[in-house]
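Asker: Okay, here's what each chain looks like letter by letter:
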Amino acid sequence: MLERLGLLPPQASTVALQTDMLYAFLVAISVFFAVLIAVAVIAFSVMYRRRSENDVTPYIHGSTALEIAWSVIPLGVAMVMFGWGAHLFVTLKRPPDDALQVNVVGKQWMWKIQHLEGRREINELHVPLGRPVKLTLTSEDVIHSFYVPAFRIKQDAVPGRYTTAWFEATRIGSYHLFCAEYCGTMHSGMIGKVIVMDPADYQAWLTSGAAVPVAAGAAADGAGPNLAAAGKDLFEQKGCLTCHQPGSVLGPQLAGIVGHSVELQDGTTVTVDDDYLRESILTPAAKLVKGFAPVMPTFKGQLTEEQVMQLIAYIKSLGPSAGTAGAAAGTGKTGS
Amino acid sequence: MTSTNYINADYGIWSWLLTKDHKRIAILYLVSITAMFLLGGLFALMIRLELLTPAGDLVSADTYNKLFTMHGIVMVFFFLIPSIPAVLGNFLIPMMIGARDLAFPRLNLASWYLFVVGALFALYAIFTGGVDTGWTFYTPYSTAAAHTNVIPAALGIFINGFSSILTGLNFIVTIHRMRAPGLTWFRLPLFVWAHYATSIIFILGTPVIAITILLVAVERAFHFGIFDPTLGGDPVLFQHLFWFYSHPAVYIMILPSMGIVSELITCFSRKVIFGYGFVAVSSMAIAVLGFLVWGHHLFLSGQSVYASLIFSVLSFLVAIPSAVKVFNWTATLYRGSIEFAAPMIYALGFIGLFTIGGLTGLFLATLGFDVHVHDTYFVVAHFHYIMVGGAIMGYLGGIHYWWPKISGRMYPEWPARIGAATIFVGFNLTFFPQFLAGYLGMPRRYHMYPPEFQVLNVMSTAGATILGVGYLLPLTYLLWSLRYGKVAPDNPWRATGLEWQTPSPPPTENFATTPVVTEGAYAYSDMHEAEFI
Ligand code: HEM
Ligand SMILES: [Cu+2]
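Here the protein sequences come in this chain order: A and B.
So that you can map any letter, position 225 of the first sequence is 225 in my numbering, and since no number is skipped, the others follow by simple counting.
For my numbering, count along the second sequence from 1 and bump the result up by 1000.
Because the hints were derived from the structure by calculation, they are not lab data.
Hints may contain errors.
[Unchecked claim] Where chain A lies over chain B, by a calculated footprint (3+ residues, C-beta under 8 Å):
id, stretch
1, 1310-1324
2, 1344-1358
3, 1481-1488
None of these values were measured; they are calculated from a predicted model.
We put the beta carbon where it would ideally sit given N, CA and C, even for glycine.
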């Protein structure tokens, strides 16, 4: 109804309805207080308008009971707002484990998107209906912000770090994708579409159509190689293998490290996540793994953000067991 | 028969430019700030005209980005922040506490010169190509990507910051040391309390923004890695530093206005304020709590969930003292003797607009909800309700109320009432539709937009036109009144307060003899009829 009247954007994700319910609650509370004050101000203004130049007014200097009441009641109401909002926020920050992974890189002035299976797209994001999708976002230049009003989600894409967002689409269709953080001349042109498809159509889409080639030499027609395969190619081309192959003492083993903790030179430990992997590739000296010399060169400037994401996808694809995931698998000195 | 007063005490341009009289300095500020307001308003009108159609056809994208940036910089740093303290605060604080001047008159004059130099830097930046970073100067856009005059604009803000710091310092020392005999802290007018709280923010907060903006200039000029990740910096660090000042800065804009509204409501309902102590203390509470909530601008920056939870809860706390004030003003009207003079219309309009702005602030503090509306027109509407609806309504109400004292002439009542009503109507038509556009998903700082947002934007532009006319009205008739207005008596409103016990306009030394204070502010009511509820 409200949607048809043009007062709500389409409700196309699982959190859209929740956000709108919270909105309705906030509006109701606000209308209540605003009307209360408006009625009081108008009523007093009419009832007590000046009648003669010599009106005498009573000396009512205050009332502690009233002051306390109108501090504590709004405080209670505010805490309900806080609790409800916090609950929704935590939901928005915890992607389900089975979420489909999609990587997003913002760049003046476009959204570059990579699906794990290899399809890449620009300013369009195809997703299946009814399946949680987790986005990993970063930026190649300035801060952008990934905003889909129909899903009620927004997340900044910050250069130099990864942020995440997730949603589960509930309605087939095509929805606005905006950049919400001012990013320069064509900020308002950094617009795309999110296309929600029937899961079967989505599968068909994933494996067909002309994808953008992932890396030089990759197949230019049909879908590109999946991200992990593209990452594997890079891993070999960029010489990572020299130090990170099975049995190498030059660099730590990478198979199975994701999600585990690693002991560092300074005695601290760090959990291996996307941010740690990214940092280790681009600024290896920042966190040195215990037992290895600082010999790894930086790859800063040699890899695009998308390529870093491909490498990470590859490292994640290396199973914990030796030999299954190709050259780099094996035993290593990673902590657990 | 005219006696000597601060205006005719001395003649010639230099007697003004070298004056140490706080009242003359206030007039210097009034003139320069009004000029900046007109410039910022002109930019606003161009922004709104551009947004009349979805296509982005009036100006280019670059020009548009410069327009909203310069609108923001001029309005925030060169209008809103200095407006009430530097004009009305300067003029009134010494008089309200029975002093002859501020504690440091020369420093006061220096503050004005710093303001002018800062403004000249900003104008230089504007007229030699403009700035396009947004008034928030977010990095790394401002340090690495923007091709515009960031450095001169940043220096302008840096220099202007010192003007704020010195004004705050001057007020604090003056309020501590120069009160008339008998004027205890809890007899001070609420206008003075509000400025005391504001001054604390000035001196604690302004150095942070000054340094931060300077760091932006340094990184731009010398490529130090402070904020730019490709140089090893942290882009989100900037946002923390920026909002550490700029959130409290919102209270710099609104607290003095609240002080004015307290004066107006009591005077025009001829009644003592309800809950003086609570209103006074809530100003201080706002100033202190205001420093603890900056992280609510960073909910989507990737800051930790726990930090967001804490900043959210603190943001709700800071709303309570504001709510208390609104209830107290309303309660003051109860059984009053209410006169709808123009300043009172502004004050009542303030209550309406500030209530809407404040309540929508709660929306933004609500974590999961903010995710959807952050950086949309919902935010633009919210901050205009507070900063333009709140701060400017108070400012104009105050200008009208004290105009007889400042100029020695009465403003014409009917045009003033029509002006206040026009502003109220135009304001709501301009900014209310923006809440709706924001919830529908229209991002801010957009030069083009999808066509479904057009209806709301057309309403907004129509409102802005009415609002523009509304602002020009006072400018016209106040200037007119300087020459043709009725000569003002010393106390046209039968108000309490020491400033009304001197002639209009006041003599240079404010008071012939130092007044002695024997009762609290707002002795409007009949004390014999003391009633407690
Ligand atoms: C006729 C009155 C006004 C209109 C129509 C107007 C319009 C606008 C619009 C449309 C924007 C948003 C630009 C965007 O985000 O794309 C904006 C931003 C802003 N306005 Fe106003 N405005 C008006 C008056 C004022 C006044 C009086 C002030 C302060 C005294 C003010 C302060 C600001 C600030 C700080 C921004 C943020 C600029 C930025 O995004 O960098 N505005 N205004
Ligand atoms: Cu962008």
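Asker: Hint by hint, note whether the structure agrees.
Answerer: Status of the hints after comparison with the structure:
1. Counting residues of the stretch 1310-1324 of chain B whose beta carbon lies closer than 8 Å to any beta carbon of chain A gives 8, which meets the minimum of three for the stated coverage.
2. With 5 residues having a beta carbon nearer than 8 Å to a beta carbon of chain A, the stretch 1344-1358 of chain B meets the requirement of three or more and the stated coverage holds.
3. Under the rule that three or more residues need a Cβ within less than 8 Å of chain A, the assignment of the stretch 1481-1488 of chain B is violated, with 0 such residues.
When the structure is compared with the earlier hints, a violation turns up for hint 3 alone.
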